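Number of protein chains: 2
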Amino acid sequence: MTIPVLERIGELSALLDAKRAAGATVGLVPTMGALHPGHATLIARAAEECDVVCVTVFVNPLQFGPNEDFEAYPRDLDADVRTATDAGATMVFAPPVTEMYPGDQSTTVHVSGLTNVLDGLARPGHFDGVATVVAKLFAMAGRCHAYFGEKDFQQLAVVRRMAADLSFPVEIVGCPTARDHDEVALSSRNAYLNAEERAAAPVLIRALRAGAELLARGESDPARVRRAMVEIVAAEALATCDQAEVVDPRTLRTPDTLEGEVVLLVAARIGPARLIDNMRASTS
Amino acid sequence: MTIPVLERIGELSALLDAKRAAGATVGLVPTMGALHPGHATLIARAAEECDVVCVTVFVNPLQFGPNEDFEAYPRDLDADVRTATDAGATMVFAPPVTEMYPGDQSTTVHVSGLTNVLDGLARPGHFDGVATVVAKLFAMAGRCHAYFGEKDFQQLAVVRRMAADLSFPVEIVGCPTARDHDEVALSSRNAYLNAEERAAAPVLIRALRAGAELLARGESDPARVRRAMVEIVAAEALATCDQAEVVDPRTLRTPDTLEGEVVLLVAARIGPARLIDNMRASTS
Numbered sequence: 001m002t003i004p005v006l007e008r009i010g011e012l013s014a015l016l017d018a019k020r021a022a023g024a025t026v027g028l029v030p031t032m033g034a035l036h037p038g039h040a041t042l043i044a045r046a047a048e049e050c051d052v053v054c055v056t057v058f059v060n061p062l063q064f065g066p067n068e069d070f071e072a073y074p075r076d077l078d079a080d081v082r083t084a085t086d087a088g089a090t091m092v093f094a095p096p097v098t099e100m101y102p103g104d105q106s107t108t109v110h111v112s113g114l115t116n117v118l119d120g121l122a123r124p125g126h127f128d129g130v131a132t133v134v135a136k137l138f139a140m141a142g143r144c145h146a147y148f149g150e151k152d153f154q155q156l157a158v159v160r161r162m163a164a165d166l167s168f169p170v171e172i173v174g175c176p177t178a179r180d181h182d183e184v185a186l187s188s189r190n191a192y193l194n195a196e197e198r199a200a201a202p203v204l205i206r207a208l209r210a211g212a213e214l215l216a217r218g219e220s221d222p223a224r225v226r227r228a229m230v231e232i233v234a235a236e237a238l239a240t241c242d243q244a245e246v247v248d249p250r251t252l253r254t255p256d257t258l259e260g261e262v263v264l265l266v267a268a269r270i271g272p273a274r275l276i277d278n279m280r281a282s283t284s
Numbered sequence: 285m286t287i288p289v290l291e292r293i294g295e296l297s298a299l300l301d302a303k304r305a306a307g308a309t310v311g312l313v314p315t316m317g318a319l320h321p322g323h324a325t326l327i328a329r330a331a332e333e334c335d336v337v338c339v340t341v342f343v344n345p346l347q348f349g350p351n352e353d354f355e356a357y358p359r360d361l362d363a364d365v366r367t368a369t370d371a372g373a374t375m376v377f378a379p380p381v382t383e384m385y386p387g388d389q390s391t392t393v394h395v396s397g398l399t400n401v402l403d404g405l406a407r408p409g410h411f412d413g414v415a416t417v418v419a420k421l422f423a424m425a426g427r428c429h430a431y432f433g434e435k436d437f438q439q440l441a442v443v444r445r446m447a448a449d450l451s452f453p454v455e456i457v458g459c460p461t462a463r464d465h466d467e468v469a470l471s472s473r474n475a476y477l478n479a480e481e482r483a484a485a486p487v488l489i490r491a492l493r494a495g496a497e498l499l500a501r502g503e504s505d506p507a508r509v510r511r512a513m514v515e516i517v518a519a520e521a522l523a524t525c526d527q528a529e530v531v532d533p534r535t536l537r538t539p540d541t542l543e544g545e546v547v548l549l550v551a552a553r554i555g556p557a558r559l560i561d562n563m564r565a566s567t568s
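Sequence lines, in order, name chains L and S. Residues in the first sequence are numbered consecutively from 1, following this note's numbering. Residues in the second sequence are numbered consecutively from 285, following this note's numbering.
Any given hint could turn out to be false.
What the hints assert, rightly or not - Computed footprint of chain S on chain L, listed as stretches where at least three residues anywhere in the stretch have a Cβ under 8 Å from a Cβ of chain S:
#	segment
1	112-121
2	153-165
Unchecked claim - Ranges of calculated distance between the beta carbons of each label pair, as one might list FRET restraints:
#	chain 1	residue 1	chain 2	residue 2	range
3	S	A302	L	E48	17 to 27 Å
4	L	A79	S	P533	45 to 55 Å
5	S	G397	L	R217	52 to 62 Å
6	L	A72	S	D353	46 to 56 Å
7	S	G409	L	A164	19 to 29 Å
8	L	A72	S	E355	49 to 59 Å
Honestly, the hints are just simulated from the structure, not real lab data. Keep in mind it's a predicted model, so treat the numbers as computed, not measured. Beta carbons: idealized from backbone N, C-alpha and C, even for Gly.
I would like the entire structure built from these sequences, with the hints used as guidance.
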């Protein structure tokens, strides 16, 4: 037995209103589908904390660049519904693109500051697409808790800021990155890797560890921390380093001198995939 | 006796949720205060159609340009609460600026297409400010009917588009422009006029009438219709024509040839005020 799958915005909105009117709390888990055990932990957490859990499955064209993997992005709704059901979801919302964007989408939600760094530079327009689709999901869902993985650290920061700035009655819950047996962050894009490439993927977490160790040993120069991470990625023949940064977790900017809590971020291309990972760390 | 005045977003949002959970429908009337009988007709219509009516009073700094009248804009909350009460409102939401924008507002809602014409050219950034604050009000208010005057024709088009594009569960209700005994459109900015200037204000509606008459007589050239309106405003010594346009009501663009339903718009400076007005018309 699986849970109901809704396709219409009006249907979702009315159903969640009715549940809340009956006293239920609502958990929302926005995803692009291709659900893996990382998503399952978000859903399970939502199910622990909320009476009703809606998993949204929508590969959002707005957040893909022209040369990115919108077409190739893995889609398997039946499998997603089973995963969502098993993890404790109450319903899946899987709208067609024509339901989410019935005509020309004229309205864009833009978050400044947090988006012109890191992946915002590597993927122009990406975070406008994210902020816009998440604002739509929040508008139709209404009051809820919304669960996002910390793996997409910048996305989480952008969504938090957008929700606060636009006064959505939505509490954003960031959840720890789920990892495979070799500590590679779970990601739908890991499915793009062949066996050899997958074996190279732990290079991201190794780079982050090396950065964190430098910090723990008292390093306060961000350039040195970055260089250490870049060198580790460079040593892996199948990986190309796209980004290695150490930033203030609130501003996402690199401070002149590292002090206190920071976050390390790495992006690397391995085969056809662009993988990202991050780790909180602090100076000794 | 007057109705309650709320200042906190969380308070408003929780109260409207509770009303809806108890089965009430909600009407929202977003205003910048300085309520006049035009606002009162919006409130009265909302009270006819909805169980609970919330009038918001907020002079939104985001929608004023650096040389515009943000500081001078008339504010009189006590009078507004009396007007809202008399017209049938249930509550007033009058947040301080620090409640609406507690820090740097990083998030902007932008509607393309409809905003780079007409007042969007005359007032750069104005409609981003409008779209952003109205999105905030819709987010905190939740499912409702929202009432806007047709006097601000472009604003109404922008708000409709924004609400649809962002999937807010909000039905936008456009209401006919309320007019004074001499048919001048009611506006909070009429308060800026001295007696002589006020006597000059009917030039806007005269210009619109002249345009509509030309259309009724079969004129299909937008340049001629515009010229007729400009000439009428120019003949009034106290007025300076800022804009005289004839556009498609859906796109807000001027067609090459006028056919069917159009809307005429005029903006003129009279004394310290920039007044706007519009009229639907159709070719014969």
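Hints versus structure:
no., hint, verdict
1, 112-121, "holds (count 3)"
2, 153-165, "holds (count 3)"
3, S/A302 - L/E48: 17 to 27 Å, "holds (26 Å)"
4, L/A79 - S/P533: 45 to 55 Å, "holds (47 Å)"
5, S/G397 - L/R217: 52 to 62 Å, "holds (55 Å)"
6, L/A72 - S/D353: 46 to 56 Å, "holds (53 Å)"
7, S/G409 - L/A164: 19 to 29 Å, "holds (21 Å)"
8, L/A72 - S/E355: 49 to 59 Å, "holds (54 Å)"
Violation of the numbered hints given earlier is absent; every hint is satisfied by the structure.
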